[in-house]
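K.L.:
One-letter residues, chain by chain:
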Amino acid sequence: MTQQIEVTIDVDGATEIKTTGFRGKACADATRDIERALGVVAGDVKTGEYYQAPAANSAQAKS
Amino acid sequence: MSHVVTIKCEIRDLNAVKAACDRLGWQFVEGKKTFAWYGRWVNDYHGADAAYKNGIDPADFGKCTHAIKVPGARYEIGLVHRGDVFIPVFDNWASGGLNDLTAENGLKGFVQAYAGAVAKEQLQRRGLRVTETVRADGKLVLTAK
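Chains as they are written, first to last, in my numbering: chain A, 162 to 224; chain B, 1073 to 1217.
It cannot be assumed that every hint is accurate.
[Stated by the list, open to error] Derived pair list, reagent style DSS-like, types lysine-lysine, alpha-carbon separation capped at 27 Å:
#1 A:Lys207 to B:Lys1180
#2 B:Lys1180 to B:Lys1090
#3 B:Lys1135 to B:Lys1180
#4 B:Lys1125 to B:Lys1105
#5 B:Lys1217 to B:Lys1192
#6 A:Lys207 to A:Lys186
#7 A:Lys179 to B:Lys1211
#8 B:Lys1080 to A:Lys179
#9 A:Lys207 to B:Lys1080
#10 B:Lys1211 to B:Lys1105
#11 B:Lys1217 to A:Lys179
#12 B:Lys1192 to A:Lys179
#13 A:Lys179 to B:Lys1180
#14 A:Lys207 to B:Lys1211
#15 A:Lys207 to B:Lys1217
#16 B:Lys1192 to A:Lys186
#17 B:Lys1080 to A:Lys186
#18 A:Lys186 to B:Lys1217
#19 B:Lys1105 to B:Lys1090
If you are wondering where the hints come from, they were derived from the structure by calculation, not from laboratory data.
These numbers were taken from a predicted model, which means no experiment stands behind them.
Okay, chain A solo, but in the shape it has when bound (with noise of 0.2 Å):
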């Protein structure tokens, strides 16, 4: 799945921040720049991709 980040910005300023895309702490490290740019943390909801451990690298020597 792509990776993407969603900003949604409320008329009053109201800001949600939703990833898609990332395993583990991985979607955490891509907002919290953004997150902390922005202002002060609300909320924060974690889905189920958050809790799977990151895409393994594969890479086979032959021998």
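Chain B: place on chain A using the hints.
P.N.:
For chain B alone, kept in the frame of chain A given last:
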């Protein structure tokens, strides 16, 4: 989805303030230390967003760090620096022309435009391609891949 965060916006970035003013057709006056208002506190506004309830001493009304001129208004918005944030302060008396700016409408779109500028800059800094849309409900949506 993997992560959903909700954020209360705080105004900190003057470049984003300038971008928001440009988007709205407002004039950012950097370094202007006073903003136009009635000139005398009459203690007649007591809403939750009243300046005196939010850390602004009435003795300091009219003073600011930077100012914003809104087309068609006699009064101005003052940006008062407190810690690392700027607090917008203004007189909402009807004859001053700013009475339609409210917390609920984000000062008629200023806070939304500010947050949009901050988010866009942060997303582009990560090398992402950003598209912007405004939904029918008025929400600004930035999508980055």
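K.L.:
Lys207 of chain A and Lys1180 of chain B: Cα distance at most 27 Å?
P.N.:
32 Å, violated
K.L.:
Holds or violated: Lys1217 of chain B with Lys179 of chain A, Cα cutoff 27 Å?
P.N.:
Within the cut-off at roughly 12 Å; holds.
K.L.:
So if I understand the rule, the pair passes when the alpha-carbon distance is 27 Å or less; does Lys1211 of chain B with Lys1105 of chain B pass?
P.N.:
Violated. Lys1211 of chain B to Lys1105 of chain B sits at ~33 Å, over the 27 Å cutoff.
K.L.:
Quickly compare the C-alpha distance for Lys207 of chain A and Lys186 of chain A to 27 Å and report which way the hint goes.
P.N.:
10 Å, holds
K.L.:
Has the given pair, Lys207 of chain A with Lys1080 of chain B, been kept, meaning a C-alpha gap of at most 27 Å?
P.N.:
Satisfied, since the Cα-Cα distance of roughly 18 Å is no more than 27 Å.
K.L.:
Next pair to validate is Lys1125 of chain B with Lys1105 of chain B; report whether the Cα-Cα distance is within 27 Å.
P.N.:
22 Å, holds
K.L.:
Check whether the Cα positions of Lys186 of chain A and Lys1217 of chain B lie no farther apart than 27 Å.
P.N.:
18 Å, holds
K.L.:
Next pair to validate is Lys179 of chain A with Lys1180 of chain B; report whether the Cα-Cα distance is within 27 Å.
P.N.:
25 Å, holds
K.L.:
Below or equal to 27 Å on CA atoms is what counts here, so check Lys179 of chain A against Lys1211 of chain B.
P.N.:
14 Å, holds
K.L.:
Hint check: Lys207 of chain A vs Lys1211 of chain B, CA-CA at most 27 Å. Holds or violated?
P.N.:
23 Å, holds
K.L.:
Check whether the Cα positions of Lys1105 of chain B and Lys1090 of chain B lie no farther apart than 27 Å.
P.N.:
Holds: Lys1105 of chain B and Lys1090 of chain B sit about 17 Å apart, inside 27 Å.
K.L.:
Under the criterion that the straight-line Cα-Cα distance not exceed 27 Å, is the pair Lys1180 of chain B, Lys1090 of chain B satisfied?
P.N.:
Given that 27 Å is the threshold and the Cα spacing comes to 16 Å, the pair holds.
Violated hints, listed in ascending order, are 1 and 10; each of the other numbered hints is respected by the structure.
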